[in-house]
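Chemist: Given next are the chains, with one letter for each unit.
2 protein chains.
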Amino acid sequence: MAEKLSTEPYKGVRDFYPEDMAVQRHIFDTWSHTAESFGFERYDASVLEPSELYKSKGVENEELVNDQTYTFTDRGDREVTLRPEMTPTVARMIAGRHKELPFPARWYSIPNLFRYERSQRGRVREHWQLNCDLFGAEDQLAADVEMIALAYQSLINFGATEEMFSIRVNDRREMKEFYYSLGVIDEESITQVTRLNDRFHKIERAEYMEELRQIVPGAAEAILEFVEKSEQTENAVTKALNAIGINNVQIDRSLARGFDYYTGTIFEIFDNDPKNNRSMLGGGRYDDLTFLFGDERIGGVGFGMGDVTMRDFLETHDLLPNLKASASLIVVPTDTKFNLDGEKVAMAFRASGVSTLVDISNRKLGKKVTNAAHSGAGYLLVVGEDEIARDEFVLKNLADGTEISGSLTDLAKQIAS
Amino acid sequence: MAEKLSTEPYKGVRDFYPEDMAVQRHIFDTWSHTAESFGFERYDASVLEPSELYKSKGVENEELVNDQTYTFTDRGDREVTLRPEMTPTVARMIAGRHKELPFPARWYSIPNLFRYERSQRGRVREHWQLNCDLFGAEDQLAADVEMIALAYQSLINFGATEEMFSIRVNDRREMKEFYYSLGVIDEESITQVTRLNDRFHKIERAEYMEELRQIVPGAAEAILEFVEKSEQTENAVTKALNAIGINNVQIDRSLARGFDYYTGTIFEIFDNDPKNNRSMLGGGRYDDLTFLFGDERIGGVGFGMGDVTMRDFLETHDLLPNLKASASLIVVPTDTKFNLDGEKVAMAFRASGVSTLVDISNRKLGKKVTNAAHSGAGYLLVVGEDEIARDEFVLKNLADGTEISGSLTDLAKQIAS
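Line by line, the protein sequences give chains A and P. Going by our numbering, the letters in the first sequence line up with residues 97 to 513, in that order. Going by our numbering, the letters in the second sequence line up with residues 97 to 513, in that order.
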C-alpha cells in the first residue's frame, strides 16, 4: 500500500473549516462595510510581486527582505516574492495610473500577506489584513484624521466601545523638530533614539535612560520628559479627532512604527484589555513612496489591521456573534427514492429567493427532521408520496412550530414575505 | 538618481483596479449567493500546499506537476507549491476531519490558483475559481444532479438563459462498460481512446478514425457511432435534470476531462455563442480521493468555474450590469477650512447607516458639486459657515433635484428611510 498523505496544511498557514470561515467572513464583511461607508473603493492584486519591489530604498526593511520573505526564482528565471505587506503594491498601482485616476483616491483591500517567521500567537506565516489608503489629498490633516476615524469606526462596527481600545498618535515631523531643538540633528542618532523609544513601554526606566544617555548624552533628560508627558499633550490630529467625537485618543511620543517610509503622522490602536494588551492596528503617512516609480510624488496615508489580532480582540471582549450559517429551508424526502423530487421542489423555492438544502442522506425520517430542527434553518418541508401525488405540501415554521399547507408557489411566497 | 521601479505587476498576474475589482466582486458575489442558496458552506485554505499533495498517485497529472506549477523550497527546506487546483486541498481537509464532520457535506470556496503556462486569452497564470463539492452522499445520482443544477443555476443567476449555454454529460463507468462490451479491456487502450475522444470536436473525422483504428482496430467503427449518436441518448443524470426543469443538457460521449481522479459522472458547460465557443466549467465525481489520506473512502462530486472564462461569457452575452460604486452621500465643504467639519458631519450620517464620502480636495465649490452629481451618489450636502452656525443643513436629492432642510439627525433619517 502506498504511504498515506498528511492531512495537515503547510507549516505556518491555516485551514479555514466552515466554522472558522464564518468568523473570517464576519471580520472581512465588517471591514469592507466600514471602508465602503467612508466611500472607499476596493482593489486587489496578486500575492506574487517582483522581488525588487521590496528591495528599493524607501521600502527597504533589511531584516524583512533578507530573512523573512518567501522569495523564489520562477521557471523564467525571475525573482518573485509572496507579498509581506500591501503598501508597496498599492503605491505601485497608484503610480502606474496617476495620470488617469481621480484624486483624492480612497482605496481598500483585504489581501493575504506572508512572512517567514517563527509561529507564535498572532504570528502565523500567512495572515489577512484590511488595508486602507487615501492618496493625493492636499489637506493632509483632514486625510490623516479621516483614516484614523475609519480605523476607529471599524472597531465600533464590531460592537466595541471606546473603553476597550485606545488610539495612540505620534508624528515623525514633530519628533524631528523636537530633536533638532535639542541640537540632535544627525540622522544616525535620531534613528537610534527612535528605535529605543519603540521599546520604551517594554523595558525598565533605568535601562531606557542608560541607553539613551549613550546615544545623546546631553539630551537624554529632555527626551525622557517629552516621552513621559506625551499623554498630557495634544497635536492638530488629536484635537481634530476629539472635535469629531473620538475621545479615546492620546499622543504617545514613544510610538515609532517599523516602516522607514513613514514621513508624518503615525498611529496605532491598542487593546486596553490586560489579557490582550497589544497593538492591533498601525499606520501612518508616507509622502515619498510613489516617487520610487516615477517623478510624481503622491502623498498617502494608510493603515493595516490583521485578521488574527482582530479575532483575538473580538474573543477577548466577547464580541463574536453566533454565526451559525444555514439554508432558510430544509427539504426532507420521506425516503431516498424521493430525493430527486426533493431536488425539484428545492429548485422552485430557490427561484423565489429562498435558500434551500435537500437532505439526501440515508438517515431515517425522524432523524432528518430532528437534524433540520437543530440546523438553524427557519423552515422544514417534507416530500413524500402523498405530497407529490396531491401536489400539496406542508411548510413547518421551525421557530414557532406552526404549519401551513399549499402549492409550492404559495409556500415559497410565504417564506419570501 | 536611483533607477525607478516598474509599475507593472509580476508577469502573468493581474492588478485589479477598482473598476475591474467591481466586476470581480459581482462575479464572486453571484457565485457565493448561488452556492449558499443550495445550502453550501464556505471554506478556505492557504494558497501554499506541500508539493507532495500534487505528486501522489490519483492526483498526479505529470505535465502539470513537472512543468506547470510554481514550486519552490522554503527557508526550512520544505518543498512547497502554489496550488494549481483546489480539489486535492478540499479532499485533504475532508479526510482530516471525516470523523467529526456531518455528511453529506456541501462546501464551496473561491480560491486563487496558479499555473505556469504561456499567457493567452483565458490562460493567465493566476485565476480565481468557484469550487463546489458535495461529499459523502450515499445517493450518488441525487448528488450528481444537484451539483449540475448548482452549476446551471449560477449562470441563470447572472442573467443567462438556457439558449446561451449547454451542459454536456458523460460517465466514466458507462464508457468503461461500453469499451468492455467491445472487448477493449486493457487500461492503456482505454486511456488512449479517452484522450483521442477529448480531441473529437477539434480534429477532422478522417484523422480521428485513422488514430482510433491504430489504437483499437476492431472497435473503431462502433466507438465512432457511439460518440456520434451521443446527443440522441440519455442516462439517469440527464433524465433527472430534465425532470427538475433543466433542458439544455445532452450526453457527449467524447467528453473526457483531464483529471485522472474522476470515477463516474463528468460534465462541462459550454458557451453556445460562436464567438466564445468554449468550455466554461468542468467537474465530476471522484470517489477515491480521500483514500489517499487514510483508510476512509468518502465519495465526492464537484466542479470548478473560472473568473476569466466567466467574465468572457458575461461580456459576450452582454450580461454585465452597471457596477458604478459610490457612497450614498457626498459631503461638500464650501472651502477646505471646513473639511474637518465635513468629516464630523459624515460621522453622523454613517452612524445612521448612510455611506458618506467627504470631498476634501482643493477643487472649487462648483467643480465639487458637479463631480458629486456625476459620481452615482444619491445625495449631496454642502457644509459651510452658515450651515455650521445655524446647525441646519440642506440635503439635495441628486436624482430629482429636490432639497430638504433640517438637522443632521433629521436628514440622516430621511436618507436611511
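Among these hints, one or two may not hold up.
Note that identical chains are pooled: a pair holds if it fits in a single copy or bridges any two copies.
To be verified - DSSO-like mimics (lysine-lysine), calculated; alpha carbons at most 30 Å apart, straight line:
no.	residue 1	residue 2
1	107	151
2	509	335
3	420	272
4	107	335
5	100	371
6	509	298
7	433	107
8	433	509
9	151	420
10	463	100
11	272	151
12	463	298
13	272	298
14	195	151
15	272	509
16	151	460
17	195	325
18	420	460
19	460	335
Worth flagging that the hints you see were computed from the coordinates, not collected in a lab. Note that this is a predicted model, so its numbers are computed, not measured.
Chemist: All hints, please: hold or fail.
Modeler: We went through each hint and held it up to the structure:
1. Proximity of residue 107 to residue 151 under the C-alpha cut-off of 30 Å is found in both arrangements, the shortest distances being 26 Å within a copy and 18 Å between copies.
2. With identical chains, the CA atoms of residue 509 and residue 335 are at most 30 Å apart between copies only, with a shortest distance of 29 Å across copies and 54 Å within one.
3. Within a single copy, residue 420 and residue 272 get their C-alpha atoms no closer than 51 Å, and across copies no closer than 43 Å, so neither meets the 30 Å cut-off.
4. Taking the shortest alpha-carbon separations for residue 107 and residue 335, neither the intra-copy value of 46 Å nor the inter-copy value of 46 Å comes in at or below 30 Å.
5. In this assembly of identical chains, the alpha carbons of residue 100 and residue 371 never lie at most 30 Å apart, being 41 Å within a copy and 46 Å across copies at closest.
6. Taking identical chains as interchangeable, the C-alpha atoms of residue 509 and residue 298 are never at most 30 Å apart, the minima being 62 Å within one chain and 47 Å between chains.
7. Proximity of residue 433 to residue 107 under the C-alpha cut-off of 30 Å is found in neither arrangement, the shortest distances being 45 Å within a copy and 53 Å between copies.
8. Proximity of residue 433 to residue 509 under the C-alpha cut-off of 30 Å is restricted to the intra-copy arrangement: shortest distance 27 Å within a copy versus 54 Å between copies.
9. With identical chains, the CA atoms of residue 151 and residue 420 are never at most 30 Å apart, being 45 Å at best within one copy and 37 Å at best between copies.
10. In this homomeric assembly, residue 463 and residue 100 never come within 30 Å of each other (Cα to Cα): the closest approach is 34 Å inside a single copy and 67 Å across copies.
11. Only within a single protomer do residue 272 and residue 151 lie at most 30 Å apart by alpha-carbon distance; the minimum there is 26 Å, versus 56 Å between protomers.
12. In this homomeric assembly, residue 463 and residue 298 never come within 30 Å of each other (Cα to Cα): the closest approach is 57 Å inside a single copy and 51 Å across copies.
13. In this homomeric assembly, residue 272 and residue 298 come within 30 Å of each other (Cα to Cα) only inside a single copy, at 23 Å, whereas the closest approach across copies is 70 Å.
14. When the C-alpha separation of residue 195 and residue 151 is checked against a cutoff of 30 Å, the pair qualifies only within one copy, where the shortest distance is 26 Å, while the shortest distance between copies is 47 Å.
15. For the homomeric pair residue 272 and residue 509, neither the shortest alpha-carbon distance inside one copy (67 Å) nor that between copies (46 Å) is at most 30 Å.
16. In this assembly of identical chains, residue 151 and residue 460 lie within 30 Å of each other by CA distance neither inside one copy nor across copies; the values are 63 Å within and 41 Å between.
17. Taking the shortest Cα distances, residue 195 and residue 325 never come within 30 Å of each other, neither inside one copy (45 Å) nor across copies (58 Å).
18. In this assembly of identical chains, residue 420 and residue 460 lie within 30 Å of each other by CA distance solely inside one copy; the values are 24 Å within and 50 Å between copies.
19. For a Cα distance limit of 30 Å, the shortest separation of residue 460 from residue 335 across copies, 27 Å, qualifies, whereas the shortest one inside one copy, 66 Å, does not.
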